[in-house]
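Model the full assembly from the supplied sequences, consistent with the hints where possible.
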Amino acid sequence: MDEAHTNASGDDKHHDLIIVGAGPAALTAAIYTTREDIDTLLIERGVVGGLAAVTDKIDNYPGFPDGIEGLELSNNLRKQAERFGAVIELGEVMSITDEGEYKKLETTDGDMYAKAVLLATGSDYKKIGVPGEAEYYARGVHYCATCDGAFYRDKKLVVVGGGNSAVQESIFLTRFASHIDLLVRSTIKASDVLQQDLQKFVDEGKITVHLGTATDEIVGENNVVTKVVGIQDGKKVEFPTDGVFVFVGLMPNSQFLANSGVKLDKIGFVETDNRLETAVKGVYAAGDIRSGATMQIASAAGEGATAALMIREHLEGREHAMPN
Amino acid sequence: MPKNITIFTTNTCAYCGMVKQYLSAKGHSYEVVNLDDNPERQAEAMALSGAMTVPVTVVTKQDDSQEVIVGWNLAKLAPAVA
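If you're matching them up, the sequences are chains A and B in order. Heads up: the first sequence at position 5 corresponds to 776 in the working numbering, and the numbers run straight through without jumps. Heads up: the second sequence at position 16 corresponds to 476 in the working numbering, and the numbers run straight through without jumps.
Since the hints were made in silico from the structure, they are not lab data. Owing to the predicted nature of the structure, the values given are computational and were not obtained by experimental measurement. Every residue gets a Cβ at the ideal spot worked out from N, C-alpha and C, and that includes glycine. Any given hint could turn out to be false.
What the hints assert, rightly or not - Chain A residues, not near chain B, derived (Cβ > 10 Å throughout): (1) 862; (2) 877; (3) 915; (4) 935.
Stated by the list, open to error - Computed footprint of chain A on chain B, listed as stretches where at least three residues anywhere in the stretch have a Cβ under 8 Å from a Cβ of chain A: (5) 461-474; (6) 518-529.
Stated by the list, open to error - Distance windows between CB atoms, simulated: (7) 983(A) - 533(B): 32 to 42 Å; (8) 496(B) - 856(A): 47 to 57 Å; (9) 1038(A) - 496(B): 14 to 24 Å; (10) 520(B) - 967(A): 16 to 26 Å; (11) 995(A) - 521(B): 24 to 34 Å; (12) 463(B) - 831(A): 23 to 33 Å; (13) 949(A) - 503(B): 27 to 37 Å; (14) 461(B) - 847(A): 27 to 37 Å; (15) 982(A) - 521(B): 46 to 56 Å.
In structure tokens, the structure reads:
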């Protein structure tokens, strides 16, 4: 981890609250708890800001009439949380054990203890699970347009997916690519506004949308991706390409919760009650990791605020039921 | 302590910011090669990393041996710059 964060008594292992993750839900919660002088430590294994940080443009987060780059929004959230004393340490939580008053978190920097834990680890992009995908990972198959798009100047690309991320990132990739084939298994699920934006690039000939096209295989030669094989109307269709970007949905970052007592749904998202508390008393969840989450940054921030208030009540020993 | 550190980045890469923040917090200076500004150096980054991605962090040790860390990988970066 980066630097040891100590609580008021100088103990860097015991805290009132440990937040696992540092995305919008986590940072919002930290803004609330640190403003209440709750000793709060955030532990992040990936990127501060989570998936929001690697999203090109965010147009639906309130307060930004012209939209905002995901990285800028993430940096702003981080600065705001740090302004009130939030400390983000880099590391990974491997397991959580309920030991009564304190929860034990096994981390890459040793065991840590907290009276309350907020799970805000979010989600990552799913893999398609087709031949060639793993073989060409980062060498032609990518999951982060803002990271890897620059390697495809004046080249042809395939983007797989039909949701908001696939459409948003396809539009971003037109900055670099000469042409993009967007392979959509069924129909476009992106918002109307994004679909209208997409249409402009379709009209310009920069993006071609292939509806009803399942991705079957990613093929390469001499260590380089050369084409994607799709299935359309039961027939194989080939899409010559220099690279593939995949945005086919999200999977929860909840593997570390096995044997924790935290109840997961059948996909692996964390189940909570209406106070955002999990099956383990004192352990809460907010944002994309939560079962039933809407996978929106604004929702994650709202859940972060709600969780912070519930955690404050828990720490003060004055919990009461929320109305249904 | 490494002899020098070079990070290949792009303007929009969030993970690159994590590498920079980590190295700064540890008191390391580093050179940045921004591939948006210097696209002619993409081939160099790819040759070093074997991948088409950033960040690529090249740590040159005191004995001039090099360690290349692909992506934001704290488990590899931390010991490489220790």
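Evaluation of the provided hints:
The claim that residue 862(A) lies off the interface is violated: its Cβ sits roughly 7 Å from the closest Cβ of chain B, which falls inside the 10 Å cut-off. Here residue 877(A) stays apart from chain B, with its beta-carbon at least about 15 Å from theirs, past the 10 Å limit. The claim that residue 915(A) is not at the interface with chain B is violated, since a C-beta of that chain comes within 10 Å of its own (minimum 8 Å). Chain B leaves residue 935(A) outside its interface by the beta-carbon criterion, the shortest separation being 18 Å against a cut-off of 10 Å.
Requiring three or more residues with a Cβ within less than 8 Å of a Cβ of chain A, the coverage given for the stretch 461-474 of chain B holds, as 4 such residues are present. Under a criterion of three residues with beta carbons nearer than 8 Å to beta carbons of chain A, the stated coverage of the stretch 518-529 of chain B fails, only 0 such residues being counted. Between residue 983(A) and residue 533(B) the C-beta distance comes to about 38 Å, which sits within the given range of 32 to 42 Å. Distance hint check: the CB atoms of residue 496(B) and residue 856(A) are about 35 Å apart, inconsistent with the given range 47 to 57 Å.
Against the hinted window of 14 to 24 Å, the Cβ-Cβ separation of residue 1038(A) and residue 496(B) comes to about 37 Å, which falls outside the hint. Residue 520(B) and residue 967(A) have their C-beta atoms about 50 Å apart, which leaves the hinted 16 to 26 Å range violated. With their beta carbons about 32 Å apart, residue 995(A) and residue 521(B) fall inside the hinted range of 24 to 34 Å. The given range of 23 to 33 Å is broken by residue 463(B) and residue 831(A), whose C-beta atoms sit roughly 47 Å from each other.
Separated by about 19 Å at the C-beta atoms, residue 949(A) and residue 503(B) break the suggested range of 27 to 37 Å. Residue 461(B) and residue 847(A) have their C-beta atoms about 34 Å apart, which keeps the hinted 27 to 37 Å range intact. Between residue 982(A) and residue 521(B) the Cβ separation comes to about 53 Å, which falls inside the hinted range of 46 to 56 Å.
When the structure is compared with the earlier hints, violations turn up for hints 1, 3, 6, 8, 9, 10, 12 and 13 and for no others.
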